[in-house]
Amino acid sequence: MLLRKQKKNIFVNLIAFVLVVTSLYTSYSKIFEVDKKGKIKSIAEAVRIAGLSDTIIIKSGTYNEKDIYINKPLTIIGEGEAVVDCRWQDGFAFLVKTKNFTIKNLTIKNIAISYTKDYAAIKFDSSENVLVENVIIENGFFAIYFSRSKNFTIRNCKITGQKNRTESNSGNGIHLWYCSNARIENNVIRLQRDGIYFEFVTNSSIANNISENNLRYGLHFMFSDSCTYRNNTFRRNGAGVAVMYTNRVYMVENTFENNWGPSSYGLLLKDIKRSYVTRNEFLRNTVGIYMEGTDQTLFEKNNFYRNGWALRITGNCEGNTFRYNNFEANTFEVATNSSQNQNSFDRNYWSGYSGYDLNKDGIGDVPYIPVSLFTVILQSNNNAILLFKSFFVDVLEIAEKIFPSIVPKYLIDRKPAIRKFKW
Amino acid sequence: MKPIKFLLIFALILLISCGGGDKPEEIKYGIDVCEFCKMTIVDPKWGAEIMTSKGKIYKFDVVECMVAYSLSKLKPNEIKHYWTINFTKPKSFIDATTAIYIRTLQYPSPMGLNSLAIENIADTTKLNLVKGFEILSWKDVVEKAKEEYLR
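Chains as they are written, first to last, in my numbering: chain P, 6 to 428; chain Z, 2 to 152.
Don't take every hint at face value.
To be verified - Listed next, with one range per pair, are the computed distances between beta-carbon atoms:
1. P:117 - Z:131: 56 to 62 Å
2. P:394 - Z:10: 33 to 39 Å
3. Z:131 - P:386: 51 to 57 Å
4. P:67 - Z:98: 39 to 45 Å
5. Z:123 - P:415: 33 to 39 Å
6. P:121 - Z:10: 54 to 60 Å
7. P:386 - Z:79: 21 to 27 Å
8. Z:123 - P:104: 20 to 26 Å
Quick caveat, the hints were computed from the structure, so don't treat them as lab data. In this text, a Cβ means the ideal position worked out from N, Cα and C, and glycines have one as well.
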């Protein structure tokens, strides 16, 4: 009986202890309000007087500040229309070097351009456990810049560069350099040089973002092993998307559309190994996928629709598999600069296929060579495009079909699908 | 008399346009594409160019791409000039084989070798270098690029 009472006492004491600790904790985490008409008038001042893990609330208003240096754990939250305007003055809006930092609901604008310094709206260096949420950046140079940092999330941000910039005087939207465990979700990035830039980043994911109208690449991805990008849309970017010098990249359910230009690609792959390109849409690009030095990668269930070239494969690509893809209404299906082929094509749907299926198993009875004679001619002489769709070329194509001699006959789909796949 | 004068002037113009040595061709930033890595060249602090003995020009976004391309696609005796952009004077070229290279993470290069080029050692004062940099010669850059960019 006594024992039970004691037990109950201990329990009550424990609850009391937890309550006291939490109340102490909350009372220690102070809130500072920055207000144009209040006691603290500038963000820099609030940052100076705030202690570890305190919260700073920025009230509505425009604050003309720059180089706000943060080196302690803090939470910064904007209220209403809180705007930090750097007025094109040399410098950064926020410079952060800390653990456990959150910045939310804020607008930052007008960052200076520099040829030698990478000025950014928010620059993080050697930081950890960071959240950047609902931040709007207008007329930035670089927008959000992380270097040598880990464990951070950037979400629901809207980043817009400036109109009428050239590629050499604009910076990247989300720029990561030597980082790991980053999550980049639900952001919209426009009019930057590269929308999202990854260099030496590992174990990170990019999901549900829209990156459009950027001057160079929608996504630029280099030396970044074991990363995933899923369900993003990259459209109308100067040169499309580039993924280079990387192993194990998972590219799933993305849309690459309307990337037109002489050196523009829906997806440019260079020196990629053991990666997955699955269920992506390639719509209306000059080249759907251009690949060079790409090995052991699986291309599965993708849709290629109305591209100039669906695929361009250079001779140094080996061991790649293309299966269950839809190739529909592309001007040229596959182009290659080599007469050899070390890649396998299996059960794809080709709208250019005109074979038959007598046993009705859904697979064409005649193998299909997706490289047309004319793409081979174009490969060595670009100006021959003038003759495209001419009677002369049509005659050659028919002759080639009857007596194959020029097209690389090893690049062949032995089981072409009769009907388009629905994924 | 007049036609002779005209001819003389014409001949002079021809002579001038022939002589004067080889000059690098300006890189059109944002338009030109790197011959090796296929990226659009955008950053005017970086860039490199090769002229072959036949006068053909190849443009690169950075010196490591130039080295990797020249080692893999060209023969040494085919190349007449190697140029690189002077980091402290954006868009202007210097001879890549006599340039001084500074390798530092302070100034990341487009392809990650992080070795910027300057004409003489006095230019380092403009860079505000902090600890952790190394000074490389053209030979070192060739070795490092060979190690890291050619499989």
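Outcome of the hint check:
no.	hint	verdict
1	P:117 - Z:131: 56 to 62 Å	violated, 22 Å
2	P:394 - Z:10: 33 to 39 Å	violated, 51 Å
3	Z:131 - P:386: 51 to 57 Å	holds, 53 Å
4	P:67 - Z:98: 39 to 45 Å	violated, 53 Å
5	Z:123 - P:415: 33 to 39 Å	violated, 58 Å
6	P:121 - Z:10: 54 to 60 Å	violated, 45 Å
7	P:386 - Z:79: 21 to 27 Å	holds, 23 Å
8	Z:123 - P:104: 20 to 26 Å	violated, 41 Å
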